[in-house]
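Chains W and X supply the protein sequences, listed in that same order. Those letters in the first sequence? Residues 1 to 321, by our numbering. Those letters in the second sequence? Residues 1 to 321, by our numbering.
The reader is advised that the hints may include incorrect statements.
The list makes no distinction among identical chains, and a pair is therefore deemed to hold if it is satisfied within one copy or across any two copies.
[Stated by the list, open to error] Calculated lysine-lysine pairs in the DSS-like style (CA-CA distance at most 30 Å, straight line):
| id | residue 1 | residue 2 |
| --- | --- | --- |
| 1 | 118 | 281 |
| 2 | 80 | 222 |
| 3 | 262 | 22 |
| 4 | 31 | 222 |
| 5 | 31 | 163 |
| 6 | 80 | 118 |
| 7 | 80 | 145 |
| 8 | 240 | 68 |
| 9 | 317 | 118 |
| 10 | 317 | 80 |
Treat the hints as calculated values from the structure; they're not laboratory data.
2 protein chains.
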Amino acid sequence: MSGRTILASTIAKLYTEEITAKVKQLQKVPKLVGFLGNDDPAAKMYAKWTGKTCESLGFHYELREVEKEDLEEAIIGANKDAAVNGIMVYFPVFNNGQDQYLQQVVSRNKDVEGLNHKYIQNMYHNVRYLDIEEAKAAGTEPQIKSILPCTPLAIVKILEYLKVYNSLLPYGNRLYGKNVVIVNRSEVVGRPLAALLANDGATVYSVDIKNTQIFTRGEGIKMTRHHSVDTDISLEEAAKNADVIITGVPSANYKFPTEYVKSGAVCINFSSEKNFDPSVKEKASLYVPSIGKVTIMMLLRNLLRLIDNQINIEEKKNATS
Amino acid sequence: MSGRTILASTIAKLYTEEITAKVKQLQKVPKLVGFLGNDDPAAKMYAKWTGKTCESLGFHYELREVEKEDLEEAIIGANKDAAVNGIMVYFPVFNNGQDQYLQQVVSRNKDVEGLNHKYIQNMYHNVRYLDIEEAKAAGTEPQIKSILPCTPLAIVKILEYLKVYNSLLPYGNRLYGKNVVIVNRSEVVGRPLAALLANDGATVYSVDIKNTQIFTRGEGIKMTRHHSVDTDISLEEAAKNADVIITGVPSANYKFPTEYVKSGAVCINFSSEKNFDPSVKEKASLYVPSIGKVTIMMLLRNLLRLIDNQINIEEKKNATS
């Protein structure tokens, strides 16, 4: 076979050194709290694995198992607790709109997953800092960084590693000319990912159960940020020209049709289920079967960014009081 | 028949005088902008009706019809436009999580529907102002009011009108002893409503397609705010003791079983469909078949509150600059 399978662990390793070095420079060991509000054994296993990875990189990790009815108060407690630097919640808990409500209860300053509305809105608009206006008014540089959602960020980093991002092109346009298919348009991964890749110059076909949308900066990527519209293009048609196919269907039964994959395409699966059939290796040039180990690196990088922000905010407070 | 049907228009009338008087005191005519991002003729009709009611009470109303792909930018434009005092969006637009995202794009200071996360979180926690901490630090009274979601607020006002709230009891406990069934647990109406009524002392059975939850401040309403837990109680059992039954099922086929209604109960329907069979009148003491006309009064009251807030925020800005 002429293609290669690339494991997430290979890419994740590149970040361990950077992260452990940064943790050692900090005055105290950073603390991440994970909240588990359901009794799904798979979620518990995943939470334990997060914990092990954290500890191995020098972080403190504390898993707090709470009844779902007590979750909101538990999150608010952690928001107020100065000993806690980062918070994550293992969803689904209620598996309805209440989960989105709970996600927004997590303090913006401790949201390692980057799912606070302000972060997501900044991401769509390609805004990198939270204090742009204050900095402008004060004549200084902005310092409070906006946080990117972990999973989409992990996929961007994977695409950089796989050289899909072309470093000869100017920063911000490095996916110019690339066609991407993403099968998933959730608010947590699929839609932000489509926006991120389109903002970097790609033409993205975003597919969900209802329809397909094209995310693009237009002919010649003349627009400064992406726009999206519905399209009638079939999955087969979109895939035929796709340089990259990314899947995230949370179903054991779903398989992306190997016959749709363009010879030499890059295939990435971020679902916990295997969305590609093993036969995809006969078509794909590079195949990444799962991404979890890169995602957790992004989570910890976000945590380090948040700690920078927390120190910055504290310094500003002390300077004015 | 011994019961009475109470029309929303009767209750709404009580607010027209208060609202028009307040509008006349303002230095300029308040402006509400409604965004329509779908081509549902029913939504368009509803939007036009909102407009007529607004104009009849002295407000300016502008309906902006935009493509759904352009809605976010259009909302951001209205957020920045000082001539716009209030913004509402006719949902569903995408009919998925993107709608919740768009709702949060509406500026908190212009959110007449009271659906901003901060407002909803304050409502669950019975917090009435946005500037409590700043006021405490400055040794002054808080002035920036939190906004309650329109539809739950309308139902509270209807229950006050129907004397379900007992004014002999202390404010905040006026539903003590009342059992309420609510068939709907959406994040926009059913869940906040259950919380509001339980916070006021009621025992609320909140029913949705998946399960039933009890919202209560506990035996003797000793807790200061509600707690909710799952329960196995059947709808029939819950309804048998219910003083109030409130329905909000968005389906033409759903009818609340009249035989479950306790003789003399108060029945309120907030769905646009008729969730009670006409036979309910033989059981209910008071029956409110729809609530839209009260809801719009609450929307306009919220707009007036927001204008108060906007003036307050402006004054503070001028005082410090």
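Results for each hint:
no., hint, in the structure
1, 118 with 281, "neither (39 Å within a copy, 48 Å between copies)"
2, 80 with 222, "between (45 Å within a copy, 25 Å between copies)"
3, 262 with 22, "neither (41 Å within a copy, 66 Å between copies)"
4, 31 with 222, "neither (43 Å within a copy, 36 Å between copies)"
5, 31 with 163, "neither (34 Å within a copy, 52 Å between copies)"
6, 80 with 118, "both (19 Å within a copy, 16 Å between copies)"
7, 80 with 145, "both (21 Å within a copy, 23 Å between copies)"
8, 240 with 68, "between (45 Å within a copy, 28 Å between copies)"
9, 317 with 118, "both (21 Å within a copy, 23 Å between copies)"
10, 317 with 80, "both (17 Å within a copy, 28 Å between copies)"
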